[in-house]
Every structure is written in structure tokens, then in C-alpha cells.
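*Asks:* Chains as they are written, first to last, in numbering that gives the first Met the number 0: chain A, 0 to 171; chain B, 0 to 299.
What the hints contain is simulated information worked out from the structure, not anything from laboratory work. It is possible that part of the hints are untrue.
From the structure, some residues in chain A lie toward chain B, with a derived Cβ separation under 10 angstroms [as the list claims (entries may be wrong)]:
1. L56
2. G58
3. G70
4. L72
5. A80
6. P87
7. F137
If you want the footprint, here are the derived chain B segments under chain A, 3+ residues with CB under 8 angstroms [said to hold, decoys possible]:
8. 13 to 19
9. 30 to 44
The C-beta atom is built at its ideal place from N, Cα and C for all residues, glycine as well.
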Amino acid sequence: MNSNNFFPSLWRFLGIMVVQVLLFKQVALAGPYFTILLYPLLLLLLPLQAATPYLVLLGFATGMTVDFFYGSLGVHASAGAFSGLIRPGVLGAFAPKGGYSGKEPIFAPAYVGWQTFLSAAALFFGLHIFWYFSVDAFTFVYYGMITLKSALCFGLSMIFVVLYTALFNPKN
Amino acid sequence: MGNLLQLFIRFGGFVTFVLVEAFCFFLIVQYNEKQDAIFTHSWGIFSGRILERQQKALDYIGLSDRVDSLTKENAALQAELANTRVFQMPYRDTQFLVLRDTLRKVDGSDSVIDKTTRPHYEFIAAKVVGNSITSTNNWLMINRGTEDQVKPGMAVVSGLGIVGITRHVDRRFSMVLSVLHRQSRISAALKLKNGELPAGSIVWEGGDPAMVTLRFIPKHFIEFIEIGTPVVTSGLSGMFPKEISIGTVFDKPEADIENPYFLNIKVRLRQDMSSVQDVYVVKNAFATEMDTLQTKTARQ
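Isolated chain A (complex conformation) (with noise of 0.2 angstroms):
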């Protein structure tokens, strides 16, 4: 990460912890149906080129803040971490023909477009999302309660990852 990228992404994170921890957590509390998580967004906006070990770390390291905050710890960092791991297959699925050119800093509808980039978005949420009930809930016997629980929370975040992206049109 080179210095166009630090700043932008430590004011990115720092504005969107505020908004999940403060703001969004108070919507949580209306009950287990209401969750909605943005911080998946710090993970998928860094920068293109990062590599995966990075990345898991990365994704950990948010996941373990927002643990702290929302006092279960390890549940969000396991979630993180998987999405660190997975980031690269993802964009690589939604990569134009030939690849990334390498001009694009980070993957935002700016470079790649607002198809492109919902496409991805959702499917990298959905994967996130129903990671974290899985194992918010520690068993699959319950697998009924985490797929709705994974579809209301995935309808509600993506309200908010639309919002913002448009919002911000976040380019480094």
C-alpha cells in the first residue's frame, strides 16, 4: 500500500467503524433480523493489487474491531478472514478480458463500472455475510434461521454499500 493509498483507506475505515459500531448496532439491537454490516466494504475497496495473506490479515485485524464493539469476539474476525481469503477470486471472476490493466488502484464503479462492481459487491457480501451467521450460529442444524437471517441481512447491507458507493465514489 503506497501513501495515495494509506490515508484514503485509514479515513475509509475509520468512517465506516464509526458508522457500524455507533449507528448500525443500535439497529441490531432491535433484534437478530436487523443486522446489517458495511465494514465488509474496507475489504473490498483496498487496494487491487494486495496480496491474500495481506488480505486475511487485513480482514481479521476489521473483524476483531468490530468484535470488540459488538462483544463476540473471534465471530466477526473469522468472517473477515475468510473474506480476505476469498477477495481475489471474486474480483478475479468480474475481471474484464485480459485482466485488470493494473491502472485501477482499487476495485470501485469508477474503473470497473456499476455493474461490474454490484455484481461483485453482492456476491462477496453474500459470501461474508452468510459465513458470519454460520458461525454466529456454530451449527448447521439450524441452517433454515442462518439462510433468512444471511437474506435480510444481505438486502439490508447492500441498501447501505450502494448508498455509500454512490455517495463517496470512493477511487483510491
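Got chain A; can you put chain B on it based on the hints?
*Replies:* Okay, now just chain B, sitting in the frame of chain A:
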């Protein structure tokens, strides 16, 4: 070094993921009550199953030793039981009619109870290695012979009842005249409700391997005989200990055609002769002495 770096680049993400997830798993179980409870419960079931399989495997490995041990223990118990039954008879000395236990207390010395005055039985555990039930004259082979102090003319019993009498004995194996042999004659008695034990002889007349006939029971006992009355060894032969189970009365007694003063009684065997596997050869320590005495008496 270059190869190592390439390897790390290729698999480093996954390895890092595995290590991080392992750490997350530890944190989740350690600091989250719900997940800890689920993990503890699941681990308990899982480790229980593992331990159960381990125990089954260990039990199976030690099974033959356990069976041998139980068979020996059973033989000892059978001997103890058989020898106890013999002493239910009162002991008469020159002046008194007393019971064995009382004699011991009065005199206080073992010399009054002469252990040689009664039969002494030992049970030798054996396995049936050959058997027949479909012939007119059936035999069994057992895996005990002269090396195990088995001799011809010894009774063979099982946990359920009588099996036969040893006839031909080799070093390690013996042929047993089955109770389902036309020549088999075993002294037996009815165990009546009034406490009487009228004695007769068990024979096999062929046909049903589950049924034998009790002969030479005096006909005046007919009113005391019911279906289900137990039939046991009489103990009069010296071969079979007293009151070893043989079976139960199967049908109403009939008069013996050859001698109408006696009854013929159908008896259902307790031991299924087709499936007998574990048996005991009964050694009477005083068999030789008793045989000699009988032979002398027969000559007179």
C-alpha cells in the same frame, strides 16, 4: 529460496487463513457462551463415541481371555453348587442323626466331617468341536482329553443341562455319547412339589432331538406329575451330580407297555443339543473307588 517464496505466494494466503481461523475458533469458544456451550456439548458426544469405539476394540481384543476366565469361574461355581447339593443329606454317625453343619460346630474339628465320605466333583471346562443330532446314534467331540484328566465314563453337562457321557478319550479330544444316542441311559428323577424325587432313567427313542423319555417311574406317582414338572439328575449314578437340570415334563405320563407298573414320561430337554458349545466334564474324585465297590457287589 526462490521456490520457497513461490510456494508461499501460491499457498501463503490459505495457510494464513487456516492459522487465523484456528485462532478465531479458539477465541469464539473461549469468549462466547453460546458457542462454548455448543462446542462442549458436541465435543462430549464426539469424544464419547471415540471412547466407546476404543473400548469396544479393547473389549474385543480381550474377549477370548475374558471368555476363558468366565468359563473357569463358571466351572468352579458349578462344582461348588454340585458339592453343596450332595451335603443336603443328613449325616448319621453311630448315635446321632445330625446335619453336617451341626457336626462341625459340636466337634470343632474337620476330622468328624470326613470329606472322603461323599462324592467330590470337579468341573473341567471344554468346547464342543463336533456335534450331530440327526443320526440315530449321535456323538459330540470336545477339546479335552487325557492331558486334561478326562477319562471314559465321565458326565458332560452344560450350563443348561445334561449333554452326555465321555466314551472314547484321546490325548486332547474326547468323543461323548450324546444324550441323543440310543444307548444313552442317564439316571434321572422327577422333582415333585411334595419334595419327593422318584428316580428313573432317561433314554432317547429317536426322532425329535428336543425330546427324551423318562422311564421306570413307579405308576403311583402319576397323580403328582404335571406338565412342566422339572426333571433333574438323581445323583445315584455317581457320574452326574445330583439335581443337574435335564428338562421338564412335556406330556401326560403313559403306562410303560413293557411293564405296566411303571410310567413313560415325555421330557423336553432344557439344553438345545443343536447349539451346545460350552460344556463341562464332571470329574468325580472317587469314581474309581465307587466303581470298584459296585463291581465287587455285582459279582456276589
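*Asks:* Run every hint past the structure and note whether it holds.
*Replies:* Here's how the hints hold up against the structure:
At a threshold of 10 angstroms, the smallest CB-CB gap from L56/A to chain B is about 7 angstroms, leaving the interface hint in force. Interface restraint check for G58/A: the shortest CB-CB distance to chain B comes to about 8 angstroms, inside 10 angstroms, so the restraint holds. Because the closest C-beta pair between G70/A and chain B is about 9 angstroms apart, less than 10 angstroms, the hint holds. The restraint placing L72/A at the interface with chain B holds, with a minimum CB-CB distance near 4 angstroms, inside the 10 angstroms limit.
Checking A80/A against chain B by beta carbon gives a least distance of about 4 angstroms; that is within 10 angstroms, so the hint holds. At a threshold of 10 angstroms, the smallest CB-CB gap from P87/A to chain B is about 8 angstroms, leaving the interface hint in force. A cut of 10 angstroms between beta carbons decides the hint on F137/A: the least distance to chain B is about 4 angstroms, and the hint holds. Interface restraint, the segment 13 to 19 of chain B with chain A: holds (5 residues with C-beta to C-beta distance below 8 angstroms; minimum three).
For a cut-off of 8 angstroms, the count of residues in the segment 30 to 44 of chain B with a CB near a CB of chain A stands at 7, and the three-residue condition holds.
This entry satisfies every hint, going by the numbered hints stated previously.
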